[in-house]
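Whenever a hint applies, use it, and build me the whole structure from the sequences.
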Amino acid sequence: MNRSLSGLLPGRSSQPGKRVLPGFALSLGISLFFISVVLILPVTGLIAHTAGMGWDQYWAVITDERVVASYKVTLWTAALASVINALVGLLLAWVLVRYEFPGKRIMDALVDLPFALPTAVAGITLAALFAQDGWYGQYFDLLGIKVSFTPLGIIVAMSFTSLPFVVRTVQPVLEDQAPEDEEAAVSLGASDWTVFRRILFPAIWPALLTGIGLSFCRSLGEFGAIIFIAGNMPYVSEITSLMIFVRLQEFDHAAASAIASVVLMASLLLLLAINLWQARYLRRLHGR
Amino acid sequence: MSISIEGITKNFGSFQALKNISLEIPDGQLVGLLGPSGSGKTTLLRIIAGLESADEGRILFHGEDVTRLHVRERRVGFVFQHYALFRHMTVAQNVAFGLDVLPSRERPPAAEIHKRVQMLLEMVQLGHLADRYPAQLSGGQKQRIALARALSMKPQILLLDEPFGALDAKVRKDLRRWLRTLHEEFHFTSVFVTHDQEEALELSDQVAVMSAGKIEQVDTPQKLYAQPSSRFVFDFLGQVNVFRGERSDSTLRQGDAWVRLPDAAGATSLQLYMRSHEVRLQTTPAAHAHLPLRIESVSLVGAEVRLELSPVGWSSEEPWEVGITHAQFNTWQPQRGDQCFAVPQVAHLIEVDAHTPHTLRWEAGEMDDPAAMI
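Sequences listed follow chains A and B, in order.
If you count the first sequence from 1, position 27 lands on 28 in the working numbering, and the numbers rise without skipping.
If you count the second sequence from 1, position 173 lands on 1449 in the working numbering, and the numbers rise without skipping.
Wrong hints could be hidden among the right ones.
If you anchor each label on the Cβ, the simulated ranges turn out as follows [unchecked claim]: (1) B:Q1615 to A:V21: 49 to 55 Å; (2) A:V21 to B:K1446: 27 to 33 Å; (3) A:F102 to B:L1345: 25 to 31 Å; (4) B:G1514 to A:V21: 39 to 45 Å; (5) A:S32 to B:L1345: 36 to 42 Å; (6) B:E1332 to A:T195: 30 to 36 Å; (7) A:S32 to B:E1572: 38 to 44 Å; (8) B:S1290 to A:V122: 43 to 49 Å; (9) B:R1383 to A:E66: 52 to 58 Å; (10) A:V21 to B:E1300: 57 to 63 Å; (11) A:D177 to B:E1572: 52 to 58 Å; (12) A:L111 to B:P1385: 49 to 55 Å; (13) A:F102 to B:R1383: 36 to 42 Å; (14) B:G1304 to A:A280: 32 to 38 Å.
Note that these hints are calculated values from the structure, not bench results.
The structure displayed is predicted, hence computed values, not measured ones.
Yeah, the Cβ is synthetic: ideal placement off N, Cα and C, and Gly gets one too.
As structure tokens, then:
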């Protein structure tokens, strides 16, 4: 019986170790090739550029006083922008998932605008709006707040360009969150705030953190939207991306690459850390 | 704590989910809400819990109006079909949740919470799983934890929404028995929703059968099965054999088949409903009924042998099903394709356009010599 049955089956499908799903080698090959060309090759190029420098030279370039000042400005503005995005993005995702209202679909589509818009366009628009006589700028001026040509302007531009990261990572998780969990908590006597803090927030926290991390990394590297509004005053409102640009304009490719490698390293390390932490957290939820 | 449901109506947009529902649930009873999907049973349960608000009507707990009371204040235990355990908390943290979120004035000290949780976990026989996460448990274990969590606040009312719906047959049976014991031990009033007739009939003190937003009948399982008050209840509670015919004098006729009725009723278009145990089979027709059938399949699994039969020379929408004992099967040895005759002993007469059945019984004298029976 057994033998006659196996005789009916085509021989190759009973080969041990053969995968059932076809196309593994081909699809993996193409993916790897693409990743190499688009991601890894430029990174190697970057390192190759800096390789011409000695360690001392490299260290001197990346610890130049003006460059270090730009790190500081970039880091703290990006951090603040990410905090703002975390709050606004979470609220936006919440509103988009939990409530029905006219114009919801338009609002949903608008969230992606910063991705679709060329960052330079965003930069010029923001600069015009927040200029001292601009639509928004004149009111800020009345309050004695200067946005244009200050780090505040940098924060505004960073928040604008990286907001979708938080919304788009939190939104699907919030959608998947079963209402029963909240109902169960409420039926056990929990207050609305407790339900948010103890039931909802732990569920969306990994996604939120990823969103914040992506938003932060994007802000670290943002260029187009910022330079128009930042004023680019050395030591005050000069961002690291601009420093790379300045070095390039001085035809100092090696120095530009050296500074770029610092930004790259910072972003990679942060993303890696978030991924590791998240994997650990999710393992617990999925029982592995 | 008794529950009174008074004239509850609920609309979802233009869809009327509940139509003026009234129901009394006495203290300490286990009541099943039974109905097909879309009949409004879950909506009603959620309104009792306060998870949904009614458009009209009142809910009273022990005579006290709780219609406007928030879920938080109603103090009911609620068990969800898909458990709704908090994934990021351990089993113990899940069970402790209700006690943990009490305002600090009322919250027992941590040591006492721990003791209560252990006790609850022992009660559901899962004390050894206190430090596991829900994802590491089986479906049956999850539902028991959900029950322990619902009972942690010592509710006087326990509401269960299809509690065993997502579990496999064996676990279901265990949990049912166990819920019954729990109910007897703790004396809370329970309402549970199910679409499984067997579950409702086995578990409940009373069953409310619902259809299209209305309660069709509320009765004990025994009465519900023996005396359904409407055609819907009849159809919904298990297999039923139908003979539809035209009456002339006291004989109901369709094609080659006929049944002599013990008392002459008014209408001419009639239906006879018979449960599978209310019909006997024999190899020759009886004096009061001539219902020729052909055996289509024989199923030997279970306490009795079930025969599926198709009408010969007349028609019915659904095939007939009759159960015989294994002893009868052994002497008769029916085969697929054999012909036999159905002999109704009790039947329920429904006029074609009417709703309520009228039960008929044939006296022993009207029936044939019992020796002819199989």
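field: Violations among the numbered hints
entry: 5, 7, 11, 14
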